[in-house]
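Asks: Here are the chains, one letter per residue:
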Amino acid sequence: MTMLPQTTAKKLGLVIDLDTCVGCHACATSCKQWNDAGHSAPLTDTDPYGAAPDGVWFNRVHSYEVQTAHGSKTVNFPKSCLHCDNAPCVTVCPTGASFKRVEDGIVLVDADKCIGCKLCSWACPYGAREYDATDGVMKKCTLCVDRIYNENLDAAARVPACVAACPTGARSFGDLGDPASGVSALVRARGGYDLMPEQGCAPVNQYLPPRAVTPLVQQPLSRHAGGIESALLRWIDRVLS
Amino acid sequence: MNPAYSIIFFTTAAGAGYGLLTMLALYALAGDPAANGREALLPLGLAGVLVSAGLLASTLHLGHPERAWRALSQWRSSWLSREGVLAIACYGPALVWAWRLWREAPIGPVVPAFTAVLGLATVYATSQIYASLKSVDAWHLRLVPANYLLLALASGSVLWQALRVWAGVATAVDALPVATLMLAAGVGKWRYWRTLSRLAPTSTLATATGLGTLGTVSSLAWPHTEQNYLLKEMGFVVARRHADKLRRIALLCACILPPLLALGGSVSGGWPASLIMGLAVALLALGLVLERWLFFAEARHSVSVFYGR
Ligand code: SF4
Ligand code: SF4
Ligand code: SF4
Numbered sequence: 001m002t003m004l005p006q007t008t009a010k011k012l013g014l015v016i017d018l019d020t021c022v023g024c025h026a027c028a029t030s031c032k033q034w035n036d037a038g039h040s041a042p043l044t045d046t047d048p049y050g051a052a053p054d055g056v057w058f059n060r061v062h063s064y065e066v067q068t069a070h071g072s073k074t075v076n077f078p079k080s081c082l083h084c085d086n087a088p089c090v091t092v093c094p095t096g097a098s099f100k101r102v103e104d105g106i107v108l109v110d111a112d113k114c115i116g117c118k119l120c121s122w123a124c125p126y127g128a129r130e131y132d133a134t135d136g137v138m139k140k141c142t143l144c145v146d147r148i149y150n151e152n153l154d155a156a157a158r159v160p161a162c163v164a165a166c167p168t169g170a171r172s173f174g175d176l177g178d179p180a181s182g183v184s185a186l187v188r189a190r191g192g193y194d195l196m197p198e199q200g201c202a203p204v205n206q207y208l209p210p211r212a213v214t215p216l217v218q219q220p221l222s223r224h225a226g227g228i229e230s231a232l233l234r235w236i237d238r239v240l241s
Numbered sequence: 001m002n003p004a005y006s007i008i009f010f011t012t013a014a015g016a017g018y019g020l021l022t023m024l025a026l027y028a029l030a031g032d033p034a035a036n037g038r039e040a041l042l043p044l045g046l047a048g049v050l051v052s053a054g055l056l057a058s059t060l061h062l063g064h065p066e067r068a069w070r071a072l073s074q075w076r077s078s079w080l081s082r083e084g085v086l087a088i089a090c091y092g093p094a095l096v097w098a099w100r101l102w103r104e105a106p107i108g109p110v111v112p113a114f115t116a117v118l119g120l121a122t123v124y125a126t127s128q129i130y131a132s133l134k135s136v137d138a139w140h141l142r143l144v145p146a147n148y149l150l151l152a153l154a155s156g157s158v159l160w161q162a163l164r165v166w167a168g169v170a171t172a173v174d175a176l177p178v179a180t181l182m183l184a185a186g187v188g189k190w191r192y193w194r195t196l197s198r199l200a201p202t203s204t205l206a207t208a209t210g211l212g213t214l215g216t217v218s219s220l221a222w223p224h225t226e227q228n229y230l231l232k233e234m235g236f237v238v239a240r241r242h243a244d245k246l247r248r249i250a251l252l253c254a255c256i257l258p259p260l261l262a263l264g265g266s267v268s269g270g271w272p273a274s275l276i277m278g279l280a281v282a283l284l285a286l287g288l289v290l291e292r293w294l295f296f297a298e299a300r301h302s303v304s305v306f307y308g309r
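In the order they appear, the protein sequences are chains A and B.
Everything in the first sequence is counted per the working numbering, starting at 1 for the first residue and increasing by one.
Everything in the second sequence is counted per the working numbering, starting at 1 for the first residue and increasing by one.
Simulated from the structure, these hints should not be mistaken for lab results.
No experiment lies behind these values; they were computed from the predicted model shown.
Just to be clear, a hint being listed does not mean it is correct.
As the list claims (entries may be wrong) - To spell it out: a stretch of chain A is covered by chain B in this simulated footprint if at least three of its residues, at any positions, have a beta carbon under 8 angstroms from a beta carbon of chain B; those stretches are:
id	segment
1	74-80
2	94-104
3	113-127
4	166-180
Glycine included, C-beta positions come from ideal geometry on N, C-alpha and C.
Construct all of the structure, not just a fragment, from the sequences and the given hints.
Replies: Structure representation (structure tokens):
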């Protein structure tokens, strides 16, 4: 059913902190590892050890350079499906294979219905869907639907694989539709924002901007700083210069 | 966007087929004897072949062609689904029409009109598949449905005129609708290309990353060193200088030469006329394929922004 639900009971999604992401690609590789045996498995690779390796990934980490007033800054930028509220990938699907769940807002593909027309991947402005040419169906981030409700896992492990893998805690998972949730508080505190708001997709996933850069200014040793420690430092400074 | 040959063939061939159906319907409604007798089965049949071959080709690029029937289910939200439903619906009145022509029964205005309307609605739905995508600036334009409809009608009119010349019933007056439709189609396409040259991208790296508020953003490293699906399917854009040349060839072959040749074919008789119309159809096919190839190859998808392109 490719009509979008009016509202969803929850808006499960990710909050990605561009300030703490170090660009290690752990989320991308753990995503690949989990999902290769998960809901949309396999994540087929072609020619993996050859000259032109290619394959399906649900999460990809870009790196950008930002020229700021205080010099340039590297920002690592993981990108996966944003589980949009107003998902164009769902409404264009002719078969009903693409759908958004009413209960938690997760956008999924039913691989048994997908005809592999690729239109949904054209409609997604973010490039979050990847076609599996070997299976002939479209695949995408499932928000680890097979982990987050998985009662065979410890309660603490019921988070997306990418969230569990991130060594810097740059990825948080939760209900962005609930203003009392931790992720909502994080978004409020850090000024989380939508990617490509002009596309009108109303993405659920939010990105936290890098914190303001405090320019490093060399502080001259002050003559008037008190204490024995600074007197000593002043004396060393005099001797050396 | 990657120009898939099956889609290029489908949109051009089916478009010309539906255009031909519409011309036949118009002539039938106007009481033209050649459009109301058994000989009208030839244009009707040719239109059917073009449309059916196009539809079959369009299923070739699917990952699961055997599930194509599922595409008829989501007409409430999907233009691709609507296209399928309309294309199949069009066969209904078209077959009744063919049956009545075969039996030499009176046809009446309803069946041809209904067939033509469903055919043009199919072309409109095809164009809306593209025009509804906000992610591709070059497609998200009102001119796109106009281009598709005009080119379908105009290419159908060239085929119709060719069939009339070959059947020996064409007059110089018949070249008038061809010239008018092709002029309109050519002007439409020319306006489309002018619009493209002035189009500001909807999304930029600044809005895609949200980092534009901090400064100027550029791509430092891609997530992958080799090609991937996104780049192969949506990263393809033809070089501007090639596009300019190809646009001119497309306009010349599709919109300028065929109507001139159609006029020449209508006033000359015998085998030279047939030959001229053969040339007109061949040039038309070449021009249309080029135009449709450019429609894809000139369109930039917003995902390329993430790659700094
Ligand atoms: S990010 Fe793309 S694939 Fe995911 S819901 Fe939004 S439009 Fe659909
Ligand atoms: S590729 Fe599959 S999921 Fe995507 S639009 Fe086509 S049928 Fe729907
Ligand atoms: S939520 Fe799961 S499927 Fe989505 S990017 Fe993270 S690990 Fe991959």
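Asks: Now tell me, hint by hint, if it's right for this structure.
Replies: Hint check results:
no., hint, result
1, 74-80, "holds (count 4)"
2, 94-104, "holds (count 4)"
3, 113-127, "holds (count 14)"
4, 166-180, "violated (count 0)"
Checked against the numbered hints given earlier, this structure breaks only hint 4.
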